[in-house]
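There are 2 protein chains.
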Amino acid sequence: MEFSPKDIKWIAVDWGTTNLRAWVMGTENEPLHSLDAPHGMATLGRDEFEPALIALIGPYLSANVVIPVICCGMVGSRQGWAEASYLTSPCAPPIGTLTTRASVKNPRIAVFILPGIKQIKPADVMRGEETQVAGYLQQYPDFDGVICLPGTHTKWVHISAGEIVSFQTFMTGELFSLLSYKSILRHSIAADGWDSAAYLEGVEDAMSRPQSVAAQLFGIRAASLIADLSCANARSRLSGLLIGIELAAARPYWLGRNVALIGADAIAGLYADALNQQGVNTSMADTQKMTLLGLAAAKNSLKDLAN
Amino acid sequence: MEFSPKDIKWIAVDWGTTNLRAWVMGTENEPLHSLDAPHGMATLGRDEFEPALIALIGPYLSANVVIPVICCGMVGSRQGWAEASYLTSPCAPPIGTLTTRASVKNPRIAVFILPGIKQIKPADVMRGEETQVAGYLQQYPDFDGVICLPGTHTKWVHISAGEIVSFQTFMTGELFSLLSYKSILRHSIAADGWDSAAYLEGVEDAMSRPQSVAAQLFGIRAASLIADLSCANARSRLSGLLIGIELAAARPYWLGRNVALIGADAIAGLYADALNQQGVNTSMADTQKMTLLGLAAAKNSLKDLAN
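Quick mapping for you: the protein sequence lines, in order, are chains A and B. The first sequence begins at 7 in this note's numbering and counts up by one. The second sequence begins at 7 in this note's numbering and counts up by one.
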């Protein structure tokens, strides 16, 4: 490693359903080192979380020093390491004093897990995204508008006066994955390749007639069988239809508002293209940076508790 | 067997993507015996079709007799036993003279495969359902209206003057299966149990606001996590949302028309409930009976070619 063990002040962890990511942190918000492992929450029994974490961060721990480990994500769910009960929106994103302490055997770590947020009506939940939102509000404390976090389960979050006012989740990424890898459409969908016009046409079709999505899914298969629809075109069109019906449903979120996108460049770019076509201004923020800012804010607010 | 080999006049076969079904037939349209095997088209290479068929029907063949075997379904696709090129709608359902002869090694069978039907715009295809439609038109030659065939890929077929005028396919059954067994919703969806009110409410929600389906899918998961939504209720609601958005898109088919449903009782009953709620009259026909009537009509029209 290119840094000294004594530079390590804390460890940031984003522990999701399928992946475990950790960042070795010094005094600044830039990580000294990034780590990841495929040991997501869903793969672990309750007593396997500590060993999985130590396997990843063990080389960065020192004798006689207790390092705070600040975690967000599904690690705090009922099936996780220790349940961190949801906050209820409207509320500000969680800070460190609201964390749940996980009991550990290793004396060199103190593990804190951030709660997720639930919304009673319409029923919705998030775990992990609230920390990215917290990070965004660290960077832009006066932000008033909508944050969209595209991914497997895309979240739309309405922010006002530093609070999460309401939010809504869409299974768009998971639907795309199921349809393109597990359904009859898998024979017609390319693993890569892109046709921007086909994507935007799909968005437009779905936004103007959302019900047509139900009909047009098999239409992709049929067009590839009898009308030589290319696999790249099919992939773009499917993506457009699914993001289009999401945008039709999320209209109350984005209409007349500025939208900040937090997500991987490729998928966030697709949302930006579709929203810009609707005359909506978008800005992009980096997922990892927002996560680290959010975890750092939590860490800073609980520093008296770190031992 | 409770019948004599000399009673066997022909064999009817419905050979789909995942299953092979065969019926040993005498002179009447009631089968002497029903057979099935999990050897669907997708599981077989081209030279494996004849052995799979013989493994199933071999015990019913006699020396020195050539038995006609009339097949419909994916067995006639490009990846099937022998490609039976699509007819193009508008057209009448196929008759025996339009069959493709599969080459066989066994001298005791003569195998005929019915073509599917394609529609150029909007692009769509069917293989197998056209034979059920043919059977329905055997029973009701003057039928003018819409036939709906619910299943993995539900078909809506507009019939006029004995012809398939247009049709449209929906992936509703496959979507339900993917979402309830392969997605995050699998944790919230019962394998059985039913709540009729939740189903009809889902239909109504999706028909009145089709785009809301995108939002309400994850809502099922969230409601089961934080609002004690029962697994049976979740299953019914998911089914209602998916059938509801299909009905919204298929409105030009069913609006102001009588609808004949051909499908398994449970799923056809769901469509009937939803359509009746919209003031649409429905009737039900038995899938196997329609398939056999359609295959029998094809057999009768090619009897001169049976050797």
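Don't take every hint at face value.
In silico DMTMM-like pairs for lysine to aspartate or glutamate, Cα to Cα no more than 25 angstroms straight-line [said to hold, decoys possible]:
| no. | chain 1 | residue 1 | chain 2 | residue 2 |
| --- | --- | --- | --- | --- |
| 1 | B | 188 | B | 198 |
| 2 | A | 188 | A | 198 |
| 3 | A | 188 | A | 234 |
| 4 | B | 127 | A | 34 |
| 5 | B | 127 | A | 36 |
| 6 | A | 188 | B | 36 |
| 7 | A | 127 | B | 53 |
| 8 | B | 127 | A | 207 |
None of these hints come from the bench; they were simulated from the model.
So, going through the hints one by one against the coordinates:
no., hint, verdict
1, B:188 x B:198, "16 angstroms, holds"
2, A:188 x A:198, "16 angstroms, holds"
3, A:188 x A:234, "21 angstroms, holds"
4, B:127 x A:34, "60 angstroms, violated"
5, B:127 x A:36, "55 angstroms, violated"
6, A:188 x B:36, "38 angstroms, violated"
7, A:127 x B:53, "57 angstroms, violated"
8, B:127 x A:207, "17 angstroms, holds"
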